[in-house]
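Visitor: Sequence:
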Amino acid sequence: MKTIHQAGKFRIGSRDVGRMGYGAMQLAGPGVFGPPRDREASVAVLRAAVESGVNHIDTSDFYGPHITNQIIRQALHPYPTIC
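So in UniProt numbering, spot 27 of the sequence shown is number 27, and the numbers just go up one at a time.
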């Protein structure tokens with residue numbers, strides 16, 4: 001089985017960033033806008049991504065707006081070394 005680590009990394013400043021990231025557009029509600037149907041499921045998905053080695057999350061103020069960033073903040077809170 002292949003892992004996310006096999007995709008490799010690149011450096012941005014002093015950080016190693018995995019080539020495989022997570023696109024956060026669908027964390028928000030239906031059609032990208034509004035709160036998610038299941039906030040805890042959204043948090044769990046992000047935490048699973050981090051546990052799999054993801055350290056790059058693609059987001060935008062357009063997603064939500066602001067809801068996606070709040071979910072990301074909640075999900076990453078237990079991982080201070082990657083923030």
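Calculated directly from the structure, the hints in this document are not laboratory data.
Careful, some of the hints might be misleading.
In silico SDA-like links for lysine to any residue, alpha-carbon gap of 25 Å or less [stated by the list, open to error]:
hint, residue 1, residue 2
1, 9, 73
2, 9, 29
3, 9, 72
4, 9, 66
5, 9, 38
6, 9, 21
7, 9, 65
8, 9, 49
9, 9, 54
10, 9, 30
11, 9, 51
12, 9, 78
13, 9, 69
14, 9, 58
15, 9, 77
16, 9, 20
17, 9, 48
18, 9, 45
19, 9, 59
20, 9, 67
21, 9, 52
22, 9, 76
23, 9, 19
24, 9, 37
25, 9, 47
If you anchor each label on the Cβ, the simulated ranges turn out as follows [what the hints assert, rightly or not]:
hint, residue 1, residue 2, range
26, 35, 11, 17 to 27 Å
27, 11, 52, 12 to 22 Å
28, 34, 14, 34 to 44 Å
29, 35, 14, 13 to 23 Å
30, 39, 60, 14 to 24 Å
Keep in mind it's a predicted model, so treat the numbers as computed, not measured.
All residues carry an ideal CB built from backbone N, CA and C; glycine is no exception.
Visitor: For this structure, which hints from the list above don't hold up?
Guide: 2, 4, 5, 7, 10, 20, 24, 26, 29
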